[in-house]
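Quick mapping for you: the protein sequence lines, in order, are chains A and B. Just remember that the numbering used here sits 73 ahead of the position in the first sequence, which is counted from 1. Just remember that the numbering used here sits 73 ahead of the position in the second sequence, which is counted from 1.
Keep in mind the hints are simulated off the structure, nothing from the lab. One thing to keep in mind: the hints can contain errors.
Same chains, same label: a pair holds when it works inside one copy or across any pair of copies.
Stated by the list, open to error - Capping the alpha-carbon separation at 27 Å, the derived lysine-lysine pairs in DSSO-like fashion look like this:
id : residue 1 : residue 2
1  : K127      : K78
2  : K326      : K140
3  : K326      : K106
4  : K326      : K359
5  : K156      : K311
6  : K78       : K326
7  : K359      : K156
8  : K363      : K481
9  : K484      : K311
10 : K481      : K311
11 : K140      : K439
12 : K158      : K365
13 : K488      : K420
14 : K127      : K311
15 : K365      : K156
16 : K481      : K454
17 : K365      : K127
18 : K481      : K453
19 : K488      : K106
20 : K168      : K311
There are 2 protein chains.
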Amino acid sequence: MGCLKGACIIGQSGGPTSVINASALGVIETALKSDVITKVYGAAHGIRGVLDDKLYDMAQEDPDELKLLMNTPSSALGSCRYKLKDPDQDDTDYKRILEIFRKYDIRYFFYNGGNDSMDTCNKISKYMIKNGYECRVMGVPKTIDNDLFGTDHCPGYGSAAKFIATTSMEIYHDARVYDIGTVTVLEIMGRHAGWLAGASAVASYFGEGPDLIYLPEVPFDMDRFLADVKRIYDETGKCIIAVSEGISNRDGKLIAEVFAEGDVARDSFGHAQLGGVASSLANLIKHQLKCKTRAIEFSLMQRCAAHCASQTDLDEAYLAGKAAVENAASGITDKMVAFERETVNGKYRCNVKLIDLTIVANTEKKVPLEWINEAGNGVKKEFIDYVLPLIQGEASPPRVNGVPRFAKLKKVLAK
Amino acid sequence: MGCLKGACIIGQSGGPTSVINASALGVIETALKSDVITKVYGAAHGIRGVLDDKLYDMAQEDPDELKLLMNTPSSALGSCRYKLKDPDQDDTDYKRILEIFRKYDIRYFFYNGGNDSMDTCNKISKYMIKNGYECRVMGVPKTIDNDLFGTDHCPGYGSAAKFIATTSMEIYHDARVYDIGTVTVLEIMGRHAGWLAGASAVASYFGEGPDLIYLPEVPFDMDRFLADVKRIYDETGKCIIAVSEGISNRDGKLIAEVFAEGDVARDSFGHAQLGGVASSLANLIKHQLKCKTRAIEFSLMQRCAAHCASQTDLDEAYLAGKAAVENAASGITDKMVAFERETVNGKYRCNVKLIDLTIVANTEKKVPLEWINEAGNGVKKEFIDYVLPLIQGEASPPRVNGVPRFAKLKKVLAK
């Protein structure tokens with residue numbers, strides 16, 4: 074557990090967020106100042122950059138330009154969705170990674186990502202231990218989906234939640250300007266967990282959000298859904314619905330797939346074409362309720378709207394990166410940085426803790442069923458209390474000419 | 074042209090924007106302080122509220138709550154899409170409007186909207202003149218489409234343009250995190266004019282935006298389009314395309330309709346279903362180029378994202394409302410408030426001018442063809458120079474609990 078001198082790698086992996094670069098900045102700035110870390114490399118496109126021997130020398134970057142990473146969305150170093158094989162079955166990739174680690178004297182490996190990335194991180198950590206190569210491996214959590222196990226919440230979630238809550242409120246107002254009936258269906262990311270769709274309930278909590286919210290945690294029943302919509306529409310002439318993209322029926326089949334069955338939709342070019350689940354639901358409602366409908370997908374915006382990021386989330390994302398380096402430098406390895414929520418005099422506080430990579434890898438954390446209402450079409454106050462502290466504070470990204478000024482890295486390849 | 078004492082009505086009409094309530098606030102605050110305006114009424118859902126005798130007494134509102142209108146998107150008083158008939162054919166509505174004007178002693182009528190609304194405004198103005206009822210009628214411009222004739226630009230456009238430029242930049246970064254090929258198609262509002270889609274070029278101008286931009290002003294040629302996309306995709310492995318919803322072919326047929334012809338797309342419930350033009354184009358590219366594609370609709374967000382509004386636009390929207398009242402109070406009638414751009418020592422300045430309602434009603438202003446490049450797939454520097462001043466300055470809407478605090482009006486009905 075003593076002093077280990079050597080170089081480090083920071084890699085970004087999986088879907089990007091508004092704040093993943095803030096975590097990278099936390100790693101890079103802390104590592105550049107470290108007494109034990111001799112060189113700081115950024116991996117191009119995560120673990121792929123290691124396999125391809127494509128590492129950027131982060132010391133070559135202008136420190137002021139680097140600082141702009143704090144408010145730059147997406148993965149500045151590039152990301153990947155590369156799944157490492159089981160080393161007992163095929164250790165080709167691992168041998169290559171070890172070769173590159175030896176070549177650059179990599180003694181610190183920081184990997185920033187979600188479930189799959191923590192699996193990668195865990196496998197590399199275990200392989201290095203097994204092969205007696207001393208390297209401290211630390212996972213830095215990231216995912217808008219908020220489904221990482223063992224942490225109160227994930228960097229990236231708070232900003233996505235803030236965008237979703239804010240945009241839901243704005244759409245609420247827009248959707249009721251005319252005195253004619255309309256039903257609006259919002260499609261929000263989240264294949265297995267409803268943390269993101271649930272965030273729209275913050276808007277509802279303040280009286281300006283969706284009437285109905287459906288999460289993948291509860292089986293979606295089309296008849297009950299249509300009855301819910303009809304009831305609200307008949308009462309108020311409006312209905313706003315938020316659905317997770319991953320809502321599924323009682324058999325576990327995605328509702329999006331249920332729609333895609335039967336006649337295959339084709340355009341005039343003969344190509345099969347189907348919209349997302351919101352567009353299919355809106356279409357169904359239009360025909361059943363004979364009313365005006367509109368489907369809105371929050372699409373990539375919910376994960377890249379850095380202009381609407383939560384400052385709390387940004388600060389915590391940076392902290393996660395910084396804590397990974399500090400802990401590794403002090404001798405810790407094979408862990409992921411995680412958050413623990415503490416309430417001090419009624420105020421939210423976020424503490425760092427460390428959890429074993431083995432525990433976190435590949436385990437999904439879903440919305441507790443007791444936070445979802447009995448009808449399965451909304452969330453309870455517990456969910457609101459959980460989300461609110463995470464969306465506090467407004468990011469103020471630097472702007473030039475009225476548009477954001479994002480980091481432009483030189484990306485000088487290491488020799 | 075002397076002193077005319079009496080009540081006023083402010084009405085909002087057509088599609089809402091992020092800043093139409095700022096114009097309403099400009100009218101209301103100025104009218105409430107006026108020596109000649111005795112009462113300030115807000116019409117519920119525009120001219121429909123006049124016809125239905127549904128007028129709100131704006132003096133009953135808390136002034137601090139009213140001030141929140143500055144940053145509240147959508148039409149706080151409610152909007153409508155009601156087209157008045159030609160009074161020579163059917164003057165029923167006009168007689169009713171005059172009856173209401175007499176009932177409340179309405180001597181000032183302010184109508185806030187786009188092309189159709191200025192037509193309404195113009196017809197009312199001419200009817201009152203013809204029938205010898207003294208009432209000063211002023212149009213207050215509003216439209217994200219920016220297609221109102223006779224004004225350099227329209228309140229609402231700058232904020233939509235800022236959202237589009239900002240979001241295009243964020244998506245640019247998000248769309249290139251993986252080292253795999255992708256084509257992204259952005260669908261932007263604008264049925265006849267390409268002002269909004271063109272605003273995405275601001276992102277491109279700073280090197281972080283769409284590669285190709287198609288406006289309704291230029292006939293859309295599918296073969297040239299596919300060749301353009303293929304060329305860029307082959308060169309760079311990525312391609313981002315922005316299209317106006319209103320792009321049409323050489324025969325003037327909407328591309329969205331071209332796709333909808335032929336086989337009718339049906340989902341498993343037997344309902345015809347087709348996406349927007351971006352989704353159809355993305356689907357076509359996927360099949361032709363055999364690559365990953367994604368369609369993103371900016372949908373309602375582009376007109377209601379008050380959290381990303383341009384402060385310049387907000388200030389000018391307020392100014393338009395204020396100028397309408399001041400000019401009417403001083404004796405002017407039958408005009409729309411318009412803007413004239415002046416450049417003083419290289420700095421943008423926006424001056425108010427007045428134009429005849431007859432001239433502005435029902436005339437559309439399109440993007441000058443000389444601002445569009447020869448290939449018809451982008452805009453020139455003149456367009457950028459035009460847009461940039463309009464998107465300057467960031468709105469800072471009041472927030473409570475991390476989400477916007479929008480105006481909640483009491484809407485007390487006038488007796």
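For each hint, the structure was consulted:
1. K127 <-> K78: Answer is within; shortest intra-copy Cα gap is 22 Å, inter-copy 77 Å.
2. K326 <-> K140: neither (45 Å within a copy, 49 Å between copies)
3. K326 <-> K106: neither (51 Å within a copy, 62 Å between copies)
4. K326 <-> K359: both (23 Å within a copy, 25 Å between copies)
5. K156 <-> K311: between (45 Å within a copy, 23 Å between copies)
6. K78 <-> K326: Classified as neither: same-chain Cα gap 51 Å, cross-chain 68 Å, threshold 27 Å.
7. K359 <-> K156: between (42 Å within a copy, 25 Å between copies)
8. K363 <-> K481: neither (50 Å within a copy, 31 Å between copies)
9. K484 <-> K311: between (51 Å within a copy, 19 Å between copies)
10. K481 <-> K311: Answer is between: at 18 Å across copies they meet the 27 Å cutoff, but 45 Å inside does not.
11. K140 <-> K439: For K140 and K439, neither the intra-copy (34 Å) nor the inter-copy (41 Å) Cα distance is at most 27 Å.
12. K158 <-> K365: The answer is between: 25 Å across copies meets 27 Å, while 50 Å in one copy does not.
13. K488 <-> K420: Neither, since 49 Å and 48 Å both go past 27 Å.
14. K127 <-> K311: Classified as between; 20 Å across copies, 54 Å inside a copy.
15. K365 <-> K156: Intra 44 Å, inter 19 Å, cutoff 27 Å: inter-copy only.
16. K481 <-> K454: The answer is between: 23 Å across copies meets 27 Å, while 42 Å in one copy does not.
17. K365 <-> K127: Only across copies: K365 and K127 sit 24 Å apart there, 52 Å inside one copy, limit 27 Å.
18. K481 <-> K453: between (43 Å within a copy, 24 Å between copies)
19. K488 <-> K106: within (21 Å within a copy, 71 Å between copies)
20. K168 <-> K311: neither (60 Å within a copy, 32 Å between copies)
Of the numbered hints stated above, those contradicted by the structure are hints 2, 3, 6, 8, 11, 13, 20, listed in ascending order.
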